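Top to bottom, those sequences are chains G and U. First residue of the first sequence: 0, per numbering that gives the first Met the number 0; consecutive thereafter. First residue of the second sequence: 0, per numbering that gives the first Met the number 0; consecutive thereafter.
Please keep in mind that the hints were generated in silico from the structure rather than gathered at the bench. For clarity, every value in this text was computed on a predicted model and none was experimentally measured. Cβ coordinates follow ideal geometry from the N, Cα and C atoms, glycine included. A hint or two may mislead.
[Stated by the list, open to error] With a straight-line cut-off of 30 Å between C-alpha atoms, the simulated DSBU-like cross-links for lysine-lysine are:
#1 U:Lys311 to U:Lys90
#2 U:Lys448 to G:Lys118
#3 U:Lys448 to G:Lys112
#4 G:Lys121 to U:Lys311
#5 G:Lys118 to G:Lys21
#6 G:Lys107 to U:Lys286
[As the list claims (entries may be wrong)] Sample of chain G residues with no beta-carbon within 12 Å of chain U, all distances over it, derived:
#7 Asn24
#8 Asp55
#9 Asp76
#10 Leu243
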Amino acid sequence: MKSGLLNISDLKVSVEGNNILKGLNLTINKGETHVILGPNGAGKSTLAYSVLGHPDYQVDGGKIVFEGEDITDESTDKRAKKGIFLSFQNPEEINGITMVNFLKTAKKAVSDKPLPVLKFHKEMNQKMDALSINPDYAERYINVGFSGGEKKKAEILQMLMLNPKLAILDETDSGLDVDAVKIVSLGVKEYKNEENALLIITHNARILDELDVDYVHILENGKIVRTAGRELVDFISKNGFTALENQE
Amino acid sequence: MRSFEEEKTDIAEIDRSVYDIKDKVDAGYTVQNGLTREIVEEISRTKNDPEWMREFRLKALEIYNGLDVPTWGPDLSGLNMEDITTYIRPKTDMQMDWDDVPDYIKNTFDRLGIPEAEKSSLAGVGAQYDSEVVYHNVREEVAAQGVVYTDMESALTGEYADMVKEHFMKLLKPGDHKFNALHGAVWSGGSFVYVPPGVHVDIPLQSYFRLNAPGAGQFEHTLIIVDKGAYLHFIEGCSAPKYNVANLHAGCVELYVQEGARLRYSTIENWSKNMYNLNSKRAMVQKDGIMEWVSGSFGSHTSYLYPMSILKGENSRMEFTGITFAGNGQNLDTGAKVVHAAPNTKSHISTKSISRDGGVSTFRSSVSILPQAKGSKTATSCESLMLDSRSRSDTIPVMDIQTDDADVGHEAKIGRISNEAIFYLMSRGLSEEDAKAMIVGGFAEPIAKELPMEYAVEMNNLIHLEMIGSIG
Chain G
0 MKSGLLNISD LKVSVEGNNI LKGLNLTINK GETHVILGPN GAGKSTLAYS VLGHPDYQVD
60 GGKIVFEGED ITDESTDKRA KKGIFLSFQN PEEINGITMV NFLKTAKKAV SDKPLPVLKF
120 HKEMNQKMDA LSINPDYAER YINVGFSGGE KKKAEILQML MLNPKLAILD ETDSGLDVDA
180 VKIVSLGVKE YKNEENALLI ITHNARILDE LDVDYVHILE NGKIVRTAGR ELVDFISKNG
240 FTALENQE
Chain U
0 MRSFEEEKTD IAEIDRSVYD IKDKVDAGYT VQNGLTREIV EEISRTKNDP EWMREFRLKA
60 LEIYNGLDVP TWGPDLSGLN MEDITTYIRP KTDMQMDWDD VPDYIKNTFD RLGIPEAEKS
120 SLAGVGAQYD SEVVYHNVRE EVAAQGVVYT DMESALTGEY ADMVKEHFMK LLKPGDHKFN
180 ALHGAVWSGG SFVYVPPGVH VDIPLQSYFR LNAPGAGQFE HTLIIVDKGA YLHFIEGCSA
240 PKYNVANLHA GCVELYVQEG ARLRYSTIEN WSKNMYNLNS KRAMVQKDGI MEWVSGSFGS
300 HTSYLYPMSI LKGENSRMEF TGITFAGNGQ NLDTGAKVVH AAPNTKSHIS TKSISRDGGV
360 STFRSSVSIL PQAKGSKTAT SCESLMLDSR SRSDTIPVMD IQTDDADVGH EAKIGRISNE
420 AIFYLMSRGL SEEDAKAMIV GGFAEPIAKE LPMEYAVEMN NLIHLEMIGS IG
């Protein structure tokens with residue numbers, strides 16, 4: 000029996016008065032990889048932001064439990080410290096703060112202990128190399144002037160450095176060329192082990208090539224309408240969502 | 000519904016504790032409050048002015064009486080000249096050894112880190128306490144190069160007396176505005192620097208101005224002449240403890256950058272929040288000369304501060320880099336002026352301002368390109384960040400371009416701290432306060448890296464930024 004990591008029950012979320020999630024249930028256990036598919040506007044990114052507690056996403060009902068603890072009202076930084084990570088679909092550009100200082104600050108914040116600086120640098124350089132990120136980027140300001148692909152790689156770098164218990168990847172593969180998807184996918188594979196879990200929001204099967212997918216969920220109109228195994232990804236990438244509806 | 004505004008975790012107020020330690024006022028000599036002919040005569044007599052200076056003061060007083068307080072900027076009605084003491088002499092003569100400075104004054108400068116910085120990273124130091132300079136010294140090897148760095152009073156009667164007379168209040172004239180006239184009448188203290196032709200002063204000189212007495216005015220005069228092909232970095236720092244009555248600072252800074260010379264003038268102003276900072280600074284730059292201003296304005300209740308550069312010689316240049324941080328109860332009106340008066344001159348003004356907790360920050364710039372300044376280039380960029388909805392930020396750029404043959408650029412951005420950026424940093428484990436501090440620090444970073452090292456550190460302490468550099 001695997002132990003429960005994330006339990007979302009009957010989650011209702013609205014943004015600026017619009018109901019987006021309408022009673023969503025999802026359980027993720029340690030060691031699992033979940034994939035969420037769904038048409039645009041179904042609420043996929045809302046789910047990701049809600050799990051991280053973005054203040055614009057108002058929880059109208061239901062709860063989010065992480066490692067047995069109700070975090071529905073926790074602040075975003077506390078959730079991050081508990082081990083939840085989000086790879087953003089559109090990572091923010093922030094001037095004046097170098098990536099390396101940001102990573103150090105974040106690492107210190109989530110681990111709550113002094114940072115072994117030499118070890119940190121060694122690890123960062125090694126991971127940047129694995130992700131084919133130009134070493135100069137460590138000294139550049141957070142995502143400023145990065146291409147779309149570079150931003151996504153930088154997100155994966157952060158994930159690898161922070162080593163969260165649950166990583167949510169929101170469209171990490173969108174806008175990437177074939178090679179970049181491959182690199183990112185290998186990075187994600189390196190992260191994954193039996194002690195952590197992945198929630199991948201995507202509409203592209205390629206990022207899943209290197210990964211063992213346990214569950215595939217279809218999110219439509221604020222609810223999970225179907226859950227199956229990996230075969231569902233292949234079906235949808237071949238036939239689209241409409242075919243799925245017709246099949247029912 | 001939770002929101003960033005509701006959680007009360009603002010950027011910390013500037014930590015002023017070290018600046019706020021007051022010394023008991025134990026002046027050697029103080030004039031009466033207010034401003035009369037008798038007071039001006041008395042100041043002149045006490046200071047043993049040469050006759051021309053006595054006449055200059057009295058003429059300035061006449062001009063002062065005929066001018067009105069400016070009304071185009073922040074409100075000055077809280078400043079009543081009848082309540083201001085214009086001259087307070089500390090109980091000591093000027094010393095060249097810190098051990099000879101009275102303990103309570105030395106302790107003040109120790110807390111500000113001045114003697115320490117002098118040992119490690121400065122070529123010379125001047126320290127003014129209320130109206131007079133209490134310490135002035137310059138490293139032997141720098142003096143051996145012919146560099147003169149002394150208090151203004153000594154300069155008036157010393158070897159360079161004629162040079163001082165020739166330049167004193169010629170760039171900034173008593174008739175410019177009421178507070179320059181006031182300065183002309185009651186000025187006291189400040190520094191005189193002369194760098195001979197071709198001399199490169201490798202490490203900076205620094206003057207520090209400390210106003211301790213409540214209800215007092217400080218009117219120091221700084222005159223710097225960097226001769227042909229020479230280089231100097233001059234640092235100016237100022238602070239005062241907080242009182243409930245208005246204090247006034249109306250200093251004058253006159254800078255002469257001769258042919259092919261370069262002067263970098265850095266200021267960190269951290270007056271207390273009862274201070275009216277009505278300071279004037281002006282530089283004249285000759286052919287191929289370079290003037291660089293670095294300016295950090297953090298303190299004072301009200302500031303009017305617009306250092307001006309006159310690009311007099313062909314191919315001369317000026318760069319102005321400034322940051323202003325206005326908090327609760329502060330109205331800081333800062334900026335820069337430049338006049339392009341010769342062909343192929345270049346100017347670049349780059350400023351950032353941060354306002355928080357009801358603070359008001361206004362950026363004012365004035366760029367003039369005269370008809371003869373063909374082929375000149377100017378660029379202005381100002382960015383403002385407001386940390387909450389109670390704070391204000393304005394931009395007032397003025398341009399007067401009198402030739403078609405000029406390249407003129409202007410860019411202004413006023414924004415609020417982005418909630419998405421805060422969320423992004425918080426999603427990596429940073430508290431809301433740390434996230435905001437980091438974003439503000441990042442915003443200020445391009446300016447911070449221009450500051451002298453110890454002041455960059457001071458600025459970080461000032462804004463209480465737990466950010467870049469503090470880790471690892």
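Structure-based check of all given hints:
1. U:Lys311 to U:Lys90: Status violated; Cα separation ~43 Å.
2. U:Lys448 to G:Lys118: Holds. Lys448 of chain U to Lys118 of chain G sits at ~27 Å (cutoff 30 Å).
3. U:Lys448 to G:Lys112: Roughly 29 Å separates the two Cα atoms, so the pair holds.
4. G:Lys121 to U:Lys311: 53 Å, violated
5. G:Lys118 to G:Lys21: 45 Å, violated
6. G:Lys107 to U:Lys286: Violated, because 52 Å separates the two Cα atoms, which is more than 30 Å.
7. Asn24: 23 Å, holds
8. Asp55: Incorrect as stated: the minimum Cβ-Cβ distance to chain U is 8 Å, not above 12 Å.
9. Asp76: 4 Å, violated
10. Leu243: 32 Å, holds
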